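Please assemble the complex out of the two chains, which come individually in their own frames, going by the hints.
Spelled out, the chains give:
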Amino acid sequence: MPKDHGIGASTKRREDVRFLTGVGNYTDDINIHGQAYVHFLRSDVAHGRITNLDTAAAAAMPGVVRIFTGADFEGVGGLPCGWEVTDKHGQPMKEPAHPVLAQGKVRHVGDPIAAIVADTLEQARNAAEAIEVDIEELPAVVDMKAALADGATLVHDDLSDNLCYDWGFVEENKAAVDAAIANSAHVTTLELVNNRLVANPMEPRVAVGDYARGTGDSTLYTTSQNPHVIRLLMGAFVLGIPEHKLRVVAPDVGGGFGTKIFHYAEEAFCTFAAKAINRAVKWTSSRSEAFMSDCHGRDHVTKIELGLDADNNFTALRCLTYANMGAYLSTFAPSVPTWLHGTLLAGNYKTPLVYTNVKAVFTNTVPVDAYRGAGRPEATYQLERVIDKAAREVGADPVELRRQNFITEFPYQTPVAVVYDTGDYHATMDKMLELIDRDGFAARRSASEAKGKLRGLGINCFIEACGIAPSNLVGQLGARAGLYESATVRVNATGGLVVMTGSHSHGQGHETAFPQVISEMIGIPEEQVEIVHGDTANTPMGMGTYGSRSIAVGGSAMVRATEKIINKTKKIAAHLMEASEADIELKDGQFTVSGTDKSVAWGDVCLAAYVPHNYPLEDIEPGLEETAFYDPSNFTYPAGAYACEVEVDPETGHVKIEKFVSADDFGNVINPMIVEGQVHGGIAQGIGQALLENCVYDDNGQLLSASYMDYTMPRADDLPHMDSYSVDHSCQTPCTHNPLGVKGCGEAGAIGSPPTVINAILDALQSGGHKVDHIDMPATPARVWAAINQAS
Amino acid sequence: MYSFDIERPTSVADAVAALADEDAQALGGGQTLIPTLKQRLAMPSKLVSLSGISEMKGISQAGDSLTIGGGSTHGAVAAGAGAYPALAALAGGIGDPAVRNRGTIGGSLANNDPSACYPAAALGSGATIVTNAREIAADDYFQGMFTTALDEGEIVTAVTFPIPEKAAYVKFEQPASRFALVGVFVAKFADGVRVAVTGASEEGVFRWTEAEAALSADFSADALAGLSLSGDGMIGDLHGTGAYRAHLVAVMTKRAVAAAG
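Chains as they are written, first to last, in our numbering: chain C, -5 to 786; chain U, 6 to 266.
Chain U extracted, bound-state conformation (with noise of 0.2 Å):
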């Protein structure tokens, strides 16, 4: 890796500060951005370290909805978000061990990688992304591939959850990495049911709103009988063509109702 400058700011507004200097880039976990700087694919001139962060940190309950500290592990999370079983078992899912003791859910989210898990949940869920600056809704916050609608410099430093009465998440493994080849989360709210999908469309992380529709009447893996997905769109690579992942996620989406319960 290129050399660069690290801070390790212990508040929001000391990070926020940092990262107004140019080429300034923030650090979570790191999971994605050191094997990028490892590979000489980025050289920012500063990291700005978000863990050591307190005010990051940690998971509430409040009512209905679950806040997890944006600089919260995957494993934090998995062992923490027992209120939202659906989350806590997709936290444990995600990479290995090692990968879920560093990686958070804040920097997940703001690299939204079109494979990771968390993008499902928070779109799955009708999550609210909360930022140094505002709060975003998840519909508004997913903007394709590696885009989000936070700005240069903007930290996301929690996420709240509204708690449905059942939810799954249900990924199908690409072989190699073991990211998501297709992974559908599913949440049934009182007022309706939503359907997030992530690893397969070449937009990112998006909703089902045939199979919400759907579920929403009847909640049953027999109510998406006949509903399919068109391959178009949808991500080709050395381990899927874009048909076999619309496939998965029809099968992804039944599986987690019937996982839902």
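Chain C extracted, bound-state conformation (with noise of 0.2 Å):
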């Protein structure tokens, strides 16, 4: 019987209550007495310099507080980027300038040139139209490998190129890995792009700033998977405000998806103009904003090479990846191609021998970060597409091609300096064939063909490291930042407890999940445990949310900090029973000291705590808070293997996915229906990459999918319905260096589902005599149908 608490039970998620009723409180519903607003005027072209700008006939418009401009920022620091990337020739990366509002140049549609600040927003836009700009355009830099020609037009005129860095890893294995290459028996090349993403969480960012002249303190309320993150960098390197006198927010987040990781450029402004006006000024983004501010994802150009020997053993694997970073560094675009990427690259495989050359670009274009999976759907897209083709090219079934060259005994340390702790890739193949009920896929495409159709059954195999962080191994790679998490655990007088967390809920689920935890450690209700989080002000320094870290990262600080409250609950109870401490046990709320039947109930002892009458005060203090910082040892290694079956018109190119199954090994659940959850979400957007998403630039920089007129966001009947879904989490090979031994499920759903249905759909064209050996994402119906004529 499944359990109704604690560990391993599907509670309802308790933040839906006020998600779906409307009582949200979400950072556009907080309104500050006498605040302003702010328009920001935004490029229209992607380069140019500014010749002019003259704001004086808009400063002169009905209700206009002030206008600022770049001139406004010079002396403040730039937005900082948090990751450092040293190139193969042991160079730091190039590193801009980014500068809050546009100093003389322009770099894409949508860099901010100006802000105004209105008593209402209609009269700030009002005003924006009467600001005279004039801006000379420049050859607009577009396409990645023209951006690296000989002569090409210059992104940052004080660079030498459009190069940030040129990156080899692992560079000692060059040489080693060119001969394995030339030596192998068969080598399977493939080119290939990862399509550009707009993130698009469901909620716009908003920022409202607020200074109190009294104090002298700021506060930034902020659509942030990361408020400690945003304080450290806003404070120290944009504006100078000490954090004793900033306080982030990040109140209820309507989703993120790494997008809302970023210090942005509005994030400062709001901030630094209330001190400058005295007065609270608030910015929310509308959706066309959005799709040209908010950070974009993924956007590499690939080229993937396979070595196989005459048994097909994979020999080596050398890739060369152009990662578009677009106009400026965002906050961490440097470790996505890189740590996020090249670390990944041995899959679940024993390759003995890997090299990627990542070659990192400025383009006139949005700046580039993180995206669900970042990095890893990339490392895992290339991969698994290689190998299918491999499979093709060999004759060899790509089930039993993955099979024979998968990593099986662990600990195992990778040739791309990650060791995985465990797995069991054979059991999660086992159960995902089972699940998509391979034997009977004969059947299924008959029935298909005889409608006209063509039937493909793709499969992808696929590894994490999630749980970001340790905070010595990231440092070593260039983070600029440590990867811990926090938690402070307050026991309150009556036995309640809440947990300040530095993770940060959008949308995951902690509210819920976190106190099952709890609740199985004590044996007190979930419903006793409260989650506070998104406030600097009063939870510890963290890092925040994103890279599947919260459970097993955050987590773990509160077990930490919960198993110090267990340490001295027993203190007490051992005094308060006149026993000896080490014959204390806690169970189901109640301690009680082995072999006798002496007894007293968690409540008691946490107001003894705090009404110290009869308590050990020579020992120990009064009261019941305990923090901890808890920074592990590894990253955590989520494994999966997923299965799709694609049925494609040929008429149309048009692709419906039939049914879709992934067998996950989260290690340890903690409640089986969030992470379900997690995974049909992860799903859902992979599946976006794959069939509907594209972010596409013109040549002159123009954002051409610049609304959802033109943007394809997956929708419920672009998906299988839910019963043609298989969430399988019952491999579970536990985490090893973790408390928990949770490995994180929130990214898998979005770096497992894109091969696979690629891999599905070639499948099916290739079942009707159609010899494509690749298509690009996202394969619209344009794109299948054209690649079926190309190859008839």
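No lab work stands behind these hints: they were computed from the structure.
Computed from a predicted model, the values in this text were never measured in an experiment.
All residues carry an ideal CB built from backbone N, CA and C; glycine is no exception.
Any given hint might turn out to be false.
Computed list of lysine to aspartate or glutamate pairs in EDC-like fashion (alpha-carbon distance at most 20 Å, straight line) [said to hold, decoys possible]:
{"id": "1", "chain 1": "U", "residue 1": "K43", "chain 2": "C", "residue 2": "E123"}
{"id": "2", "chain 1": "U", "residue 1": "K51", "chain 2": "C", "residue 2": "E116"}
{"id": "3", "chain 1": "C", "residue 1": "K447", "chain 2": "U", "residue 2": "E178"}
{"id": "4", "chain 1": "C", "residue 1": "K650", "chain 2": "U", "residue 2": "E178"}
{"id": "5", "chain 1": "U", "residue 1": "K43", "chain 2": "C", "residue 2": "D704"}
{"id": "6", "chain 1": "U", "residue 1": "K43", "chain 2": "C", "residue 2": "E283"}
Derived DEER-like restraints, expressed as beta-carbon distance ranges [stated by the list, open to error]:
{"id": "7", "chain 1": "C", "residue 1": "E131", "chain 2": "U", "residue 2": "M48", "range": "25 to 31 Å"}
{"id": "8", "chain 1": "C", "residue 1": "D431", "chain 2": "U", "residue 2": "A67", "range": "53 to 59 Å"}
{"id": "9", "chain 1": "C", "residue 1": "G446", "chain 2": "U", "residue 2": "Q148", "range": "36 to 42 Å"}
{"id": "10", "chain 1": "C", "residue 1": "G517", "chain 2": "U", "residue 2": "M6", "range": "55 to 61 Å"}
{"id": "11", "chain 1": "C", "residue 1": "H715", "chain 2": "U", "residue 2": "Q148", "range": "39 to 45 Å"}
Below is the structure:
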């Protein structure tokens, strides 16, 4: 019988009550008395010099409080980058200035030129139209390879070229990889594009800056996944406000998917302007603004070569990737194509030699940074696509080719730095094959063919590095911050708990899952535990939520703090029952003395801590509040095997997903329902990338997919019906180095599904006699039809 | 949006009078105009809402023709045009419920978006566009992308559709907007077949006369074998080349004939 509380129970999400009944408290719900509104005048050209910027007429418009331009930010810091990559020659990456408002030059459509603060938003927009701005257009740098050609226009005049870094990994293995590829019995080569995406969280970004003249304190309310990081970056590097005079609050946040990790110009602007005009300043992004100011994701162009010996063992892997940074370096952009990508290229396989060269390129496009999976989807996609192609070329079964190359012994030292602690890739493969009913596929294909459709089955295996940490490792890799997590557990006098976590929930369900862990540890109802997050004023310094790290790192910090609480309560209980501390047991909210019938309730012990009339004051302090910072010794390595079946209409190129199954190994699972929801959502986004979503610029750097009229978000009817999904997480090899044995589940769906879908489409086309070896994402009807036509 | 005045006349005559003002613009269901205003892409001094004019609403049948008030919403047509099932089905497939509860047939035909569904129905049926001033045959009404025979201030008050023996509309949706990437309306009348195509051409909705001739001789999908259109002059964009659209016209026509039975 399934558990009804604690670890492993599918407790209903308590936060959904407020989210689904319209009583959440999102940043746009925060209105401060007397607040003004800001509208940003944004560049409508991709690249140019500002030759004239006259705000005088606009400043005289009704309701205008003040107009800010780049000149107001001279002497103010630019937006910092949080990760420094060292190139293959040992040189640091190029790190151009990233001004809050444009300084002399605009570098992408959407680059903010001026900020108009007015009594109302409409007044600010009206005034924006009265600003005189002349821009001398420069050639737009859009294509990455053209950006690196001799004589290319420079995105940043002070740099020697548009190459941010040229990274080799593992550089020492390059010669050996080249030799192994040259000596392989077979080499499969594939060139592919990992399409640029726009995250599109349901809630657009919002920032409200406030300033208290009486105390000199600044407050920023913002749609962020990591308020402490924003406070540190904005306070220390941009505005010069010490942390004790700056509070950052990220209240209910309606989805992030990575794009709300980063520190954005609008946040710094609102904080700065509130102090400058001594009045709160609010900005709410429109959806159109979001397309040209939220960081985009992915955008890699890759060539991958896989060597095989005569027995189909993988001998070596060699990759070359061009990674688009956009016009400026966003907060964690440099890490995505390097340490979050190169270290994953071993995948689930014992390929002995791996080398990748990544060229990060500046272009006149919106900055690109982490998006759900961040680097790991790009690694998985190229690897799993080339393996499928290799299977076809050498006439191997795609399942068996993968199986024979699986890593089977753990811990496993990969040739790309990381060490996998646990896994069982055959187990997830077995489960996936059972769920997809591979044996019945031939009959289903025949049924599709009878309708004039082509049916394909695609599979994929993947590995992630999640629980992003540990600090000493990421520090060596260029991170400019630690990646621990924190928790303060405060027990109230009557036994209820508040957990103040440095993790941040923007839809994941922490408010439900974290109390399940405490309930399990102490044996009190989940309802007695409250989770507080998102406010630097009442949570310990934490690094926030991304990289499937909340339960693995933040949850572990909470466990450590709770263990301290339990240790202290046992001392109190021992005193109250006049027993030895070593004999005290805690179960179901009761302290007992082993071998006796003595007991004292959890609540009575807590009360004693705050009303210490009968209390060992000589040994321990009163009160019950403990903090722990947890810094793990390794990443976690969730892995999975996915499969899907598609039906392709060869007349139109339309692809319909008929069935999708996932077999994930997340280690231990706290709340199965929440985990399944995370996988469902990740798969929806992965299918979105594979079939629908594409962020497209034209040669002039104009964003063509700038609204939902042209940018295709997945909708319910683009996805298979719930009856055709199986989301399994029964294969569990617990993580060996965190106290919960958890691995993280937030990104798996988005990582595992894109190659699964493309492999299935190609299998379908091949079955119809169309010799199509590759199709780039998104596999839109037009692209699939064109591929069929070109092949026949 | 910029500020504007709004009038809500209750008769066609009052609406026409209100539209005589310079920079006044008619507002039907607002499914195109309101987003345009929100993006500050239009600056009318006055909007004249047509949604309170009861004489522009309602569906009535007279013999073999069906007359639909210009102010009828897509939802009302979907529910009330049962005498012309292909038309009702087309209306029921426009946008989503929110769009169908606001958008109107008159507004759609006046706007003549090259990817809209209704122009295919009107042209494919040989409908008559009735305005406050005159009656215009569909063949004369559509004059290219976003262009019609309407004069300034002229209002589509009703549309009269002859009811064919058989008809069907099949569209292939543009994945993002769900407008018609290509939509084909096929209608078989006693005196011949009409085939109207929306979404595909840079000139807006058009009749595919070769297909009409073939289908008039033999109303079957097989009759279309070998017929094709050139991609020249077809819309090419993120979602498909002109050649792809031309190909889809043939596929959708075949499917529409099959669906018409």
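For each hint, the structure was consulted:
1. At roughly 15 Å between alpha-carbon atoms, K43 (chain U) and E123 (chain C) fall within 20 Å of each other, so this suggested pair holds.
2. With a CA separation close to 18 Å, the supplied pair K51 (chain U) and E116 (chain C) stays within the 20 Å bound.
3. Straight-line distance between C-alpha atoms of K447 (chain C) and E178 (chain U) comes to about 19 Å, which keeps the hinted pair within the 20 Å bound.
4. Between K650 (chain C) and E178 (chain U) the alpha-carbon distance is near 14 Å, which keeps this suggested pair within the 20 Å criterion.
5. Distance restraint check for K43 (chain U) and D704 (chain C): the Cα-Cα separation of roughly 18 Å lies within the 20 Å cut-off, and the hinted pair is therefore satisfied.
6. At roughly 13 Å between alpha-carbon atoms, K43 (chain U) and E283 (chain C) fall within 20 Å of each other, so this suggested pair holds.
7. At roughly 27 Å, the beta carbons of E131 (chain C) and M48 (chain U) sit within the given window of 25 to 31 Å.
8. D431 (chain C) and A67 (chain U) have their C-beta atoms about 57 Å apart, which keeps the hinted 53 to 59 Å range intact.
9. The hinted window of 36 to 42 Å between G446 (chain C) and Q148 (chain U) holds, with their beta carbons roughly 38 Å apart.
10. Separation of G517 (chain C) from M6 (chain U) is about 59 Å and conforms to the stated range, judged on CB atoms against 55 to 61 Å.
11. At roughly 44 Å, the beta-carbon separation of H715 (chain C) and Q148 (chain U) lies within the given 39 to 45 Å, and the hint holds.
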